[in-house]
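*Asks:* Protein chains in written order, with my numbering: chain A, 1 to 604; chain B, 605 to 981.
Derived by calculation from the structure, the hints in this document are not laboratory data.
A hint or two may mislead.
Pairwise CB distance ranges, derived in the manner of DEER restraints [said to hold, decoys possible]:
1. A/72 x B/612: 52 to 62 Å
2. B/707 x A/450: 53 to 63 Å
3. A/472 x B/812: 29 to 39 Å
4. A/61 x B/716: 54 to 64 Å
5. A/534 x B/643: 52 to 62 Å
6. A/127 x B/718: 31 to 41 Å
7. B/874 x A/18: 36 to 46 Å
8. B/716 x A/127: 47 to 57 Å
9. A/332 x B/828: 28 to 38 Å
Away from chain A, derived, C-beta distances all over 12 Å, residues of chain B [claimed, not checked]:
10. 630
11. 646
12. 649
13. 752
14. 819
15. 841
16. 850
17. 860
18. 862
19. 881
20. 888
21. 895
22. 931
23. 978
Note that the structure is predicted; figures quoted are calculated from it, not measured.
In this text, a Cβ means the ideal position worked out from N, Cα and C, and glycines have one as well.
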Amino acid sequence: MTIKKTTGVFLYNPLDGCADTIDFSAVSEYAKQSPYVAAVWNSENLRLIDAKEVAAKFGENGIKRIVIAGDTPGMVKSFFTKAMIAAGNNPDDVFLAGFREYGATKKIHTDRAKAIVACAIQNIAFDTIAIPEEVDVNPDTLVIGAGIAGIQASLEIADAGQKVYLVEKSGTIGGHMAMFDKTFPTLDCAACILTPKMVEIGQHSKITLMTYCEVKGVSGSAGNFKVRILKKARRVNLATCIGCGICAEKCPGSADSEFDAATSQRKAIYMPFPQAVPNKYLIDAESCTYLKNGKCGTCVKVCPVPDCINLDAKDEEVEINVGNIIVATGFKTFDAAKAENFGYGKFPNVLTSLEFERLINAAGPTEGNIVFRSLDKKGRKVFKQDGEVPKSVALIHCIGSRDENHNKYCSKVCCMYSLKLAHLVVEKIPDAQVYEYFIDMRAFGKGYEEFYERIKHEGVHMIRGRTAKIEESGNQLLLRSEDILAGTILEQKIDMVILAVGLEPKEDASQLSAMLGIEQTEDGWYMESNYVSNPVNTFTGGISIAGVCQGPKDIPDTVAQASAAASRVLQSIVKGKISSSIKDISLSHIEAQLSKLTLTEEKI
Amino acid sequence: MIQRVNANLVKEIEKFGKGTWNECFHCGNCTATCPLTEQGSLFPRKPYRAMQMGLKTTLAQSTEPWLCYYCGDCSQSCPRDANPGETMMILRRYLTTVYDWTGISKLIYKSKAMELIAIFIIAIITAVLYLHYTIAPSNVAGSLIGKDGGVLINSMANSEIIHVGDWIMAGILAFLLITNVFNMWYKIILSDKSVKVPFGQYFLQVFSVVTNFLTQKRFNKCDGPKYYWFIHLFLMLSYVMLFTMIVFFLAWFQTDTVYDWWHPQRLLGYIATIGLFVGVIYFINNRLKKMKENSKYSHYTDWTFLVLLLLTTTTGILMHFFRIYGMVAATYFTYLIHLMVLVPMLVIEVPFSKWSHLAYRPVAVYFAKVKNAATKK
Chain A
1 MTIKKTTGVF LYNPLDGCAD TIDFSAVSEY AKQSPYVAAV WNSENLRLID AKEVAAKFGE
61 NGIKRIVIAG DTPGMVKSFF TKAMIAAGNN PDDVFLAGFR EYGATKKIHT DRAKAIVACA
121 IQNIAFDTIA IPEEVDVNPD TLVIGAGIAG IQASLEIADA GQKVYLVEKS GTIGGHMAMF
181 DKTFPTLDCA ACILTPKMVE IGQHSKITLM TYCEVKGVSG SAGNFKVRIL KKARRVNLAT
241 CIGCGICAEK CPGSADSEFD AATSQRKAIY MPFPQAVPNK YLIDAESCTY LKNGKCGTCV
301 KVCPVPDCIN LDAKDEEVEI NVGNIIVATG FKTFDAAKAE NFGYGKFPNV LTSLEFERLI
361 NAAGPTEGNI VFRSLDKKGR KVFKQDGEVP KSVALIHCIG SRDENHNKYC SKVCCMYSLK
421 LAHLVVEKIP DAQVYEYFID MRAFGKGYEE FYERIKHEGV HMIRGRTAKI EESGNQLLLR
481 SEDILAGTIL EQKIDMVILA VGLEPKEDAS QLSAMLGIEQ TEDGWYMESN YVSNPVNTFT
541 GGISIAGVCQ GPKDIPDTVA QASAAASRVL QSIVKGKISS SIKDISLSHI EAQLSKLTLT
601 EEKI
Chain B
605 MIQRVNANLV KEIEKFGKGT WNECFHCGNC TATCPLTEQG SLFPRKPYRA MQMGLKTTLA
665 QSTEPWLCYY CGDCSQSCPR DANPGETMMI LRRYLTTVYD WTGISKLIYK SKAMELIAIF
725 IIAIITAVLY LHYTIAPSNV AGSLIGKDGG VLINSMANSE IIHVGDWIMA GILAFLLITN
785 VFNMWYKIIL SDKSVKVPFG QYFLQVFSVV TNFLTQKRFN KCDGPKYYWF IHLFLMLSYV
845 MLFTMIVFFL AWFQTDTVYD WWHPQRLLGY IATIGLFVGV IYFINNRLKK MKENSKYSHY
905 TDWTFLVLLL LTTTTGILMH FFRIYGMVAA TYFTYLIHLM VLVPMLVIEV PFSKWSHLAY
965 RPVAVYFAKV KNAATKK
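Build out the structure end to end from the sequences listed, making use of the hints.
*Replies:* Set out below in C-alpha cells:
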C-alpha cells in the first residue's frame, strides 16, 4: 500500500511574539517528515487573505486534506473551508489540531504539540490515543490553602471518610471570607456560615490541620506525590496553649493586624482573631522584641502553662505522601496605591473595600461603627471608636480591574460586594448619602439583579461613570466624574470613599505553579484543563484547583468548585486508580500507536 | 433629530489616523480628567461615541473636537488604551474635510500621493510665475550690489510684482477659508435646529474669542509644562506676524537698504523667525522622539506641514544672509526655492489641511460659546 502525500499543514500561531510559546519551527520540521504531508505553511508563507490564491497553492502541491495546527485553530477554519471548496476538495477535510485544548502552550510542551499534529494528520482524535496510564492511588489528599474553598473541599473528602492534610500559610484557617462582614445577595453574616465549618475542620478526625505551614516541594506523580512541608516556628505549643491571652496583654511588640486589613494593631504574640482555628496564639518573628533584640521573654514569664512558649523554636520540615492535591490558594486584592489618581494612601479617608469590610464588622476595630480615619499620637492612621461619622460615602468600582494600565480582566465580585457595602452603610447610617460610581453594573447571578434593584430602592445613588480623580477639598474629598447618562460633569464632595479593589493572583502563585507543574493563564490564574467542561482538573494528573486561584469568582461559585474538586479526588479514591497526566505520555508512545493506524487509501 | 447608526463612518475615519474606535467602554474617565471640558461641551467621550455610532450629523454639528488642545491626560489614564486624545485629533482632521466644500481636503487627507502632487503642481506654477515676472541676475544691467554691500533685491524680484502675487494668493486663500468657515457655521449652528442663536450673541462673544486667539488661554488651561503652551503661542504669533509683513507690507519688509539690526523691519523679522524656527524644531523633535501623548501618532499630513514650515524658515534665513552679504545669484535662487515651498505650504495647508486649525479652532470656540449661551437662554 502506498501512502500518498496529500495532506497540507498550516501552523497558526496567534501568540507569535510572546516570550514563551510552542517552538513552531520544530513543529514545522516535524510535520514535514510525516509520510502524509505534502507541504507545511505558516502565516508568513501563506497569507490568509484570498481563498482562491490559497486554493491555487493547494492545487500546486496536490493537497486534498488540510490540518490547521496551533493555538485556537478554529479561528481560521472558515477560511480554509472556503479555500478547500475553491480548490475543488471536500470541505469536510479540514482538521483541527488545537494545542491549548491539551495544555500545550509553552516551549516545554513542544513534543506534545508535535503529537497533537501527528494525530490530526491521521485524522485521529488526540485523546483517543493519548490515554494516560492508570496507577494505584494513595487515598490521602493534600489541600493547599484553607479559605472557604480549601475548607469546603477538605470537609467533603473527610466526610467521605478519607484522610486530608489541610495546609495553611497563616496562623488560622478562614481566609478572606472570615474577614467579610456579610455575604451577597442574601446578606447572611459571613462568619455565621464560615465559623461552624472552621470548627468542624479543627475537630475532624480525618483532617490533619497544618496551619502556619507552607508547601516547599512536590515530587512524584498522580497517585503518589511526596510533599515537603515547612512548619514555620509558631513558638507556642499548639497542644498545650489554652488561649488565655495573658501573653498578648503583656507583650510589648506590635504590628498591623493582618486579619483587620491593617485597620488595627495586634501584638507580636497574637491570635489572628477570636474565632481563629486553631484557637491558639502564635509569635510573629518580625515584631517580637525578643527575636529582634535578644532581650524580653515577657510572654514566657507570664504564661500560666509551663513550657508552652519556646522563643527559640526553629522551623521544621516534614514530608507527607498523598495521592491527590487540591490547590485552593485564593487571591490578594489589588494594591490601590498603584491607581494614583484615587489618592489611596495620601488621603486617610480613601479606604479599600477590604479595610471597609473590617471597619463595618462588629468584631472590627470600631465594633462596627463607621467613623473617619484619623491620625493617632504616633502619626499612624487609626479608627477611633468614638470618631466622627461620615455623612456621605462613595464607592468607586473597577479599581485595578478592566483597566489596561493594571489588570485587564473583570474581577467579577466587585459590583456585588460594592452594592452590599452600600447597603451596610445605609443600614448603619440611615441619613448618609451613598453613591456608587460604576462603569457597568454586573449583577450576573441568581438573585443578584434583584439585589441591585433592592439597593437602588434603599436610596443609594447609582452613577454611571467611574471617577477620574479624587482631590482633597477641606475636610472632604472632591470626586470628579462624568455622569454619562445625564451627560454632565459631576463634582461631588464626599466624606469617605471606598475603592472596590479587584482580585489578583497571590504573589507566590507562579512559584507554586512551578512546584506543582501546573499552568497559569496570562493573568496568572491557574489554568484548568477545560474552561467550559472541566474547570476543576489541571493538565497535571492528580492536581485539581478550586476557588479564586483558578479565576475571580464569588463565594457560591467557590464552594461549588471546591465540592467538584473534592468529587474528582473521591472518584479516584473510590476507584483505587488514578490517571496520570497527558503530559507524561511521550511522543514516541503516540507515534507507536499511530503507526498501527495507517490512513487507508479511500480516506486519502 | 433622528439619526441612524452608520457602520461605515468609522471605516472612513480610520484613514485619518491611528484609530482605536472600538476600544472605548464609556467609563467617562477622559471627560472627567479633561481640564477643558465644561457643561454643554463634553469631550472626548461624547464625540467618541458619535464616531463609534457613525452619527455623521452629530459630528458635523459638534464643536467639541476643536475645543481639545490635546494635552494627552485622557489617553494616559484611559483604562482601555482607547486614545481619546488622538481620537479628537483624528476627528479634527475628519471635520476639516467636512467643512471643505471643494473636496480637495478629503483627497489630501486620504492619499499621500495626492498631497505631494498638489504641492508639486503649486510649486511649479510658483516657479514659472517667478521666473517669468522677475529678472534673472545675468539680465540685469548695472550693479546689483548696494552701497551698504547688500543685494539690491528689488532690481531682480521687484517687491511690487511679488506683492501682486501675494495678493492673488491671499485672495484665493481668503476665499477658500472664508467659504469653508461659512460652511462650518452652517453645519454647526444653522443645521442644528435644536438651538436658535439670537443675533446679538454673535457680537457678545467676539471679544472673548479674540483674546483667546491672541493669548491661547484655553491652551494654557491644559495640564503639563507651560513652555509647551508658550512655544505654540510664540510660533502662532510669529507666523501671523510674518504673514502680515509679507502679504500686506512687502514693500516695507523687502527693501534694498540693509538697515541696522535694531530697525523694526529686521528686529521683528528676527523675532518671528526665532519663533518659527524654535517652534518647528521643538515640534519635529517631539514627533520624532514621540515624547508626549500628542506626538506619539503622527499622520503624514502632520509631517508635511512641519517639513514645509522648516524648509520655508531655513530658506528664508539663508536668503536673508545671502542678501546682506551681497551674494546675488544665491539670493535670487534661494528666493525662488523659498517661494516654491512657501506658496504650496500656504495654499495647501491653510484652507485644506493642518494649518486650517488656525481658523477653525478659534471659530469653533466662538461657535461653542455662542451656542452654549443661546442654550442657556
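*Asks:* Tell me, in ascending order, the numbers of any earlier hints that this structure violates.
*Replies:* 1, 4, 6, 7, 10, 11 and 12
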